[in-house]
Amino acid sequence: MTVTASIEFERAHDTIRLRVPADLRPESQPEGEGPSTLKAGRDRYLDLLRALALVRVVLYHNFGWFWLPLVFPSMGVMFALAGSLMTRSLSRPAPGVIRGRLRRLLPPMWLFGAVIVTLQILDGWGPGSDGHPTWWWAKLAFWILPLSTPPYADDLPGFHVVGHTWAAQIVVPLWYLRAYLWYVLLSPLMLWALRRFPVVTLFTPLALSIALNTFFVDQEFVYGRVWETAGDFTLFGSCWILGMAHQEGLLKKIPQYVLPSIAPLIMVAGLWYLQTRPVDPTEPTNIEAWPIAQALWSFGFVAILLHISPSWEQWPRPLKRWNGLVSLLNARAVSVYLWHEAALVIAVPLIDPLWRVPFFYENLPWLLASPWFTLLVAIPLLGLLVLTFGWVEDVAAKRSPRLFPYPRRLRGRRRAAG
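Residue numbering for the sequence shown is 5 to 422, as defined by this note's numbering.
Simulated from the structure, these hints should not be mistaken for lab results. Check before you lean on any hint, since a few could be wrong.
Said to hold, decoys possible - Distance condition first, Cα-Cα at most 25 Å in a straight line; then the derived DMTMM-like pairs of lysine to aspartate or glutamate:
no., residue 1, residue 2
1, K256, D47
2, K143, D127
3, K143, D47
Claimed, not checked - If you anchor each label on the Cβ, the simulated ranges turn out as follows:
no., residue 1, residue 2, range
4, W140, I383, 32 to 38 Å
5, K324, W140, 50 to 56 Å
6, R325, F363, 33 to 39 Å
7, F220, I383, 40 to 46 Å
8, V272, F363, 50 to 56 Å
9, K256, D159, 49 to 55 Å
10, L189, A118, 50 to 56 Å
All values reported here derive from a predicted model rather than from experimental measurement. All C-beta atoms in this analysis are idealised placements derived from N, C-alpha and C, irrespective of residue type, glycine included.
Please build the complete structure, drawing on both the sequences and the hints.
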């Protein structure tokens, strides 16, 4: 019998062929080979939410549509899912759980950092770039343990191919890993507090986010590393704890009408705050530019999703066809998240030469300028990047590396079908 482990929001799926006693099952059972095989311990509803969150992130970074974070607040959803899975793991001793989370999270980032830092150095970045050589070397430690934002170059020649801000664009996803690391480190404390003071613990990060962005936003230190870390932690902290409360069964203990009644009011409060902000009248207001509005909206949205939470062990019939894609995205979630910006950046210089082709320039300028075409080019690039670097997620989870972890059908079923 072979049993393979998984990773929380970045969790992958392998094959389990024999029934495993409940007390011997890993914290999240791997993916079966058939499109609707029963997954002991897996919740396909959560897998679907994670896949949707990843797709939404890629679409938002490509199109920049202001309404996408309103339709589906991916960051709040992913933190809630990770908080739920972290709580399930904390049935075991906390030091071992934290060590396991770091082991699964950091290697993909280290590989990402090795590539990106090397490319930046080749493009002219170095100790003298910011005028503080000693501090430059010291900050590189954040590429090893991202307690704060890893360093990067704001302006580079771009190898005369990509834009001069290519590094700043590619490292955008790293803020999530930084916030996630702090949530993991503090989860034992948050779980202890949630079990004793559930309401206070749930709303404390939300209250702190409102306070920080109301009373301290004009202070000089708001642009420092401490503020940056504290801001992200409080912004989605209540979503993480909401996921913990869901896993603990606390949400089921309150009357069924409470969450559907309160959550929309919290979301409306976020929208009201957003509409009162000073904005450019020529541009739509983006909720991600206003932390209080984003925190309120994300919290209410996640509360509704967790209230619905049908807990699918098998796919509903209309969704079975998506099993392969959802499973693949869950199997390589960290890699997709880390490398999608790189794919979008690389797509641009691949498209630019087409402007010099008379046929495209004269007949299809609308296609070359379309963000849809950029996405069309970026998707296979992302697939290639994930194929090249995604195996590290298997190594981090102590699995046999796989280039393409797409679920396979059971051979017996194929023979029976034939």
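Here's how the hints hold up against the structure:
| no. | hint | in the structure |
| --- | --- | --- |
| 1 | K256 to D47 | 17 Å, holds |
| 2 | K143 to D127 | 19 Å, holds |
| 3 | K143 to D47 | 39 Å, violated |
| 4 | W140 to I383: 32 to 38 Å | 35 Å, holds |
| 5 | K324 to W140: 50 to 56 Å | 52 Å, holds |
| 6 | R325 to F363: 33 to 39 Å | 37 Å, holds |
| 7 | F220 to I383: 40 to 46 Å | 41 Å, holds |
| 8 | V272 to F363: 50 to 56 Å | 52 Å, holds |
| 9 | K256 to D159: 49 to 55 Å | 52 Å, holds |
| 10 | L189 to A118: 50 to 56 Å | 24 Å, violated |
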